[in-house]
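J.: Put chain V on the given structure of chain D with help from the hints.
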Amino acid sequence: VVVKHDDVIGRLRSLSRQSVDDRVASAHLDRAAAAAAVRAGSHQRAALVAAACLAAVALPAAGIVLARAGHGSDPARNQPVLPAVEWSCPGEAPVIAADRGGDTIAAGAADRQAGSDELVQGRAVTCPRPEDVVDSTPPAECLGPPSGTATPAESADPKAKVVPSTKADGAATQGGARRECRPATSNTPTTVTGAPPTSTTVGLHAPASAAEADSARASTATQPGPQMTVANPSNNGDRSADNGPTPADAEAGPPPGASNSAADVDHPSDHLPAAEDEAEPGPPPGVPGPTNTVPAADPGRDPAMPGPPEDVSGPPEGVPDQAAGGR
Amino acid sequence: MTELTAFGGLAEQGWRVAEHVDTTEWSPALAESYRTFAPALLGYFRSHRVDQAEDLVGDVFVSVARNLRRFHGDPDDFRRWVFAIAHRRRVDHVRRWRVRRRVVAEDPPERPCVDDRRDLDIDLVAALGELTPRQREVVILRFVADLPLEDVARIIGRRVGAVKALQARALDHLAQRLDPPNATTTTRCAPRRPQPASAD
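Chains as they are written, first to last, in this note's numbering: chain D, 1 to 327; chain V, 328 to 527.
Next comes chain D alone, as it looks inside the complex (with noise of 0.2 Å):
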C-alpha cells in the first residue's frame, strides 16, 4: 500500500507544530532581548562617535568657509583676510616665497610677480603713510628719573618761560608720580598718536579701501594725546614760579578737542589761547568767586596742596592766576 503525496504532506505539516516549553521560551526570549539590548546601545555608540566625529571634522571647515565667505557676525571680519606672509611695510615688498606647485621656470616667476603686487598693492592699503609714522622708541628722558625732578639743563630751557596752568595739568598733577613718556620726534606733529602699527602680521584684516584707511587714520589722529604729569608733588602749587614748561611739556599734546594743526602746538605761546579757552576764568584775586572753594570747604588742607580736579579752575589761595591776570 503506497501512501498519498497529501497525507505524506499532511505528516510533514504536523511536524511544525511542536509544543515549546514556557521556561525555555522564556530564556529565549531573555537572551532575545539582552542581543537587542547589546546592539540598540552598540548602535547608540557608535552614532554618538560618528555625530562627534562628523562635528569636529564639519564646525571648523564651515566656520573656514564662513571666513572665506564673509559672512561673519562682525563686520569687522567681513574684511578679505590677506596672506599668510608677514608684511614689512618699511622697505621693498617682500616676495612670496611659497611653493606653488612650480610646473615651470616661467610659471614661478609669474606667480611669484603676482605675488609680488598683491603685496605691493596691500601695502598700499594697510601701511601707514609715511608722514604718519611715528617712532616707537621712547626718549631718553623717558628713561631716566620721572621729569619732576628736573634736570639743571632742563631749567635753564629757555623756552620755557609761559607756564599755562590749565585745567589739565592740575588734573594731572593730582596724579603724583604718574608720569607718561611720548615718542620723540622733533620735527613730526606729537598730535598723532594712535599710527598704526608699522608691520602688519598673519591674518590681519586690512581695510576694504584706501578711504576707509584714511578714515581711520583721522580717527586716531583726533584722539588726545596723553598728558603730561608732574612726579614732584611740592612743585604743583607754583609752577609759575617754577622754570616753566620742560620739553616734555611742550611736547605734549592739546587738550581735547584741540586743533590738530602743527601750528597750534609748536610753540610753547601757542598754549595760551587754547589754555584760556578751556579754563574756567577764575575771580579776581582776592574775591572768592563760587568755584573757589576749595579752602572753605577743606579748611584744614594745606594751602600749597592743590585741590581736586573739579576745584582747580581758580588758581589756588597764595598762587596768582597766571592765566588771568599773568600776561
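The set of hints was computed from the structure by calculation and includes no laboratory data.
With beta-carbon atoms standing in for the labels, derived distance ranges:
| # | chain 1 | residue 1 | chain 2 | residue 2 | range |
| --- | --- | --- | --- | --- | --- |
| 1 | V | Arg496 | D | Ala51 | 55 to 63 Å |
| 2 | V | Asp378 | D | Ala50 | 41 to 49 Å |
| 3 | V | Val426 | D | Leu54 | 41 to 49 Å |
| 4 | D | Gly41 | V | Gly484 | 28 to 36 Å |
| 5 | D | Val49 | V | Val418 | 29 to 37 Å |
| 6 | V | Gly400 | D | Arg13 | 22 to 30 Å |
| 7 | V | Arg481 | D | Leu59 | 44 to 52 Å |
| 8 | D | Leu66 | V | Gly400 | 43 to 51 Å |
| 9 | D | Lys4 | V | Val418 | 25 to 33 Å |
| 10 | D | Leu59 | V | Leu476 | 49 to 57 Å |
| 11 | D | Ser14 | V | Arg423 | 27 to 35 Å |
| 12 | V | His399 | D | Ala51 | 19 to 27 Å |
| 13 | V | Val487 | D | Asp30 | 35 to 43 Å |
Where chain D lies over chain V, by a calculated footprint (3+ residues, C-beta under 8 Å):
| # | region |
| --- | --- |
| 14 | 365 to 377 |
| 15 | 383 to 393 |
| 16 | 470 to 478 |
Being a predicted model, the structure only gives us computed values, none of them experimental. We put the beta carbon where it would ideally sit given N, CA and C, even for glycine.
T.: Chain V in isolation, oriented as in the chain D frame:
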C-alpha cells in the same frame, strides 16, 4: 518598517511569554514572532535530527532580535527571513558537529528517549533521514516551514524547477517508505543516528 502585527492571528499555541520580559518598543513584536515561529522552527530542527534543537531555536531568535530593526517587508518576507536564518544555523551546526566528531573519534553516548518528543512523528523523521540532504531540505522547508517554492529556491540557491523535481522525488520516496495512517508505530523514540553526512 517591520510589520509584525499581522502575526497576531497565528499564535494559537496557547503558551504565554514570561511576564518579566522587557516590554520595550520591539519586545511585543519579538514575543509575538516567537510564539508564531518557535514551534515550526523546533519541528524544522527536529526533522533534521539536530541535537540541541531548542538551543538552535534560541540562537535563531537572538539573530532575529539583533537584526529586527533592519528588517523591512511583509509577514511572508519575515517568515522567509526567519527560516533562512534557521537554515544557516543548521548548516553551521552540522559543520561544527563534524569537527567535534573527528576530535572525539568515537560516537557520542546514546540520548535517552524523552517526553518532549512525543509530538514528533518518529517514522516520518526516520523516513526523512533516508532522503538526500537536498531532498530533505526541500520538503522540510516546503511543508514544515510552509514556504513557497520560490522562497525555498532562494534559500537553498537552486532554481524553482530544480526545487520542484527534488520535492517530487522526495514525496515519492516518503510515500513508499511510510506506513498507511492507520498502521501502528512500534517505537516512540527515534533511533540514535549520526548527523547527516552533508549540510545541504
